[in-house]
Amino acid sequence: MGTVKAELHADGRVSIENVPAYRYRHAVSVDVPHYGQVSGDIAWGGNWFFLISEHGMTLDIQNSKALLDYTLAVQQALTNNGITGKNGAVIDHIELFANSEHADSKNFVLCPGGEYDRSPCGTGTSAKLACLAADGVLAPDSIWQQNSILDTQFTGRYRLLKNKHILPTITGRAHICAETTLLLDADDPLLNGVVKR
1 MGTVKAELHA
11 DGRVSIENVP
21 AYRYRHAVSV
31 DVPHYGQVSG
41 DIAWGGNWFF
51 LISEHGMTLD
61 IQNSKALLDY
71 TLAVQQALTN
81 NGITGKNGAV
91 IDHIELFANS
101 EHADSKNFVL
111 CPGGEYDRSP
121 CGTGTSAKLA
131 CLAADGVLAP
141 DSIWQQNSIL
151 DTQFTGRYRL
161 LKNKHILPTI
171 TGRAHICAET
181 TLLLDADDPL
191 LNGVVKR
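For the sequence shown, our numbering begins at 1 and goes up steadily by one.
FYI, nobody ran anything at the bench for these hints, they're computed from the structure. Being a predicted model, the structure only gives us computed values, none of them experimental. Even glycine gets a Cβ: it sits at the ideal position worked out from N, Cα and C. Treat the hints loosely; a few may be bogus.
Said to hold, decoys possible - The following label-pair restraints were derived from C-beta to C-beta distances:
{"id": "1", "residue 1": "V4", "residue 2": "N87", "range": "38 to 48 Å"}
{"id": "2", "residue 1": "G56", "residue 2": "H26", "range": "12 to 22 Å"}
{"id": "3", "residue 1": "G2", "residue 2": "G82", "range": "39 to 49 Å"}
{"id": "4", "residue 1": "G36", "residue 2": "L184", "range": "47 to 57 Å"}
{"id": "5", "residue 1": "K164", "residue 2": "E54", "range": "22 to 32 Å"}
{"id": "6", "residue 1": "G113", "residue 2": "N63", "range": "13 to 23 Å"}
{"id": "7", "residue 1": "R25", "residue 2": "A98", "range": "14 to 24 Å"}
{"id": "8", "residue 1": "G36", "residue 2": "L191", "range": "14 to 24 Å"}
{"id": "9", "residue 1": "V137", "residue 2": "S64", "range": "24 to 34 Å"}
{"id": "10", "residue 1": "A186", "residue 2": "S142", "range": "50 to 60 Å"}
{"id": "11", "residue 1": "G36", "residue 2": "N63", "range": "16 to 26 Å"}
{"id": "12", "residue 1": "A139", "residue 2": "L191", "range": "50 to 60 Å"}
Unchecked claim - Straight-line distance between alpha carbons at most 30 Å, and here's what the computed DSS-like set of lysine-lysine pairs gives:
{"id": "13", "residue 1": "K162", "residue 2": "K86"}
{"id": "14", "residue 1": "K162", "residue 2": "K65"}
{"id": "15", "residue 1": "K164", "residue 2": "K65"}
All chains should be built: construct the whole structure from the sequences, respecting the hints.
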């Protein structure tokens, strides 16, 4: 993967310099049962993403069930048609984009396990920046404001690397929502967990 750097700002925001990101394939089309042809870009931003701008869906939290159904159907269609990331890597994130009144873009991100991201998604925003850079739409060091389905916001910018890769920096806020302590008992026969097959 690579090294990720973090910087804490005085106002509580954090900037993450992510791993190099890039667009792998542009305008990939797939037939999605019950939805028709869907076109998107395949990009790496720390995870593999299929990024869709033209989808006809309303990106609103009240529409989350329909958004989940749609993105799960897209993910299944990609799998069924052998559409993957580099070296056959599974595309495990589907990201929808729409215009936003409060940012450059608003997104909905399907994550592994059929869950969606409450944040604008750091790796997803990195993948989006890679596509914007590849399209020549966003210049290096220009700021991109990315809102989530809940209108939380990250800002992103990038430096251009070799081979059309970028080095994205994502800035946002996070809040601690839990702390936990794991107790490992040497006598526990399942100390190392189980393998699900």
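Verification of the supplied hints:
1. V4 to N87: 38 to 48 Å: At 22 Å between Cβs, range violated.
2. G56 to H26: 12 to 22 Å: holds (20 Å)
3. G2 to G82: 39 to 49 Å: violated (27 Å)
4. G36 to L184: 47 to 57 Å: For L184 against G36, whose Cβ atoms are near 50 Å apart, the range 47 to 57 Å holds.
5. K164 to E54: 22 to 32 Å: holds (23 Å)
6. G113 to N63: 13 to 23 Å: Since G113 and N63 have Cβ atoms about 20 Å apart, the given range 13 to 23 Å holds.
7. R25 to A98: 14 to 24 Å: holds (22 Å)
8. G36 to L191: 14 to 24 Å: violated (50 Å)
9. V137 to S64: 24 to 34 Å: 28 Å Cβ-Cβ, so the 24 to 34 Å window holds.
10. A186 to S142: 50 to 60 Å: holds (54 Å)
11. G36 to N63: 16 to 26 Å: About 19 Å separates the Cβ atoms of G36 and N63, which means 16 to 26 Å holds.
12. A139 to L191: 50 to 60 Å: holds (52 Å)
13. K162 to K86: holds (18 Å)
14. K162 to K65: violated (40 Å)
15. K164 to K65: Roughly 36 Å between the alpha carbons, so the hint for K164 and K65 is violated.
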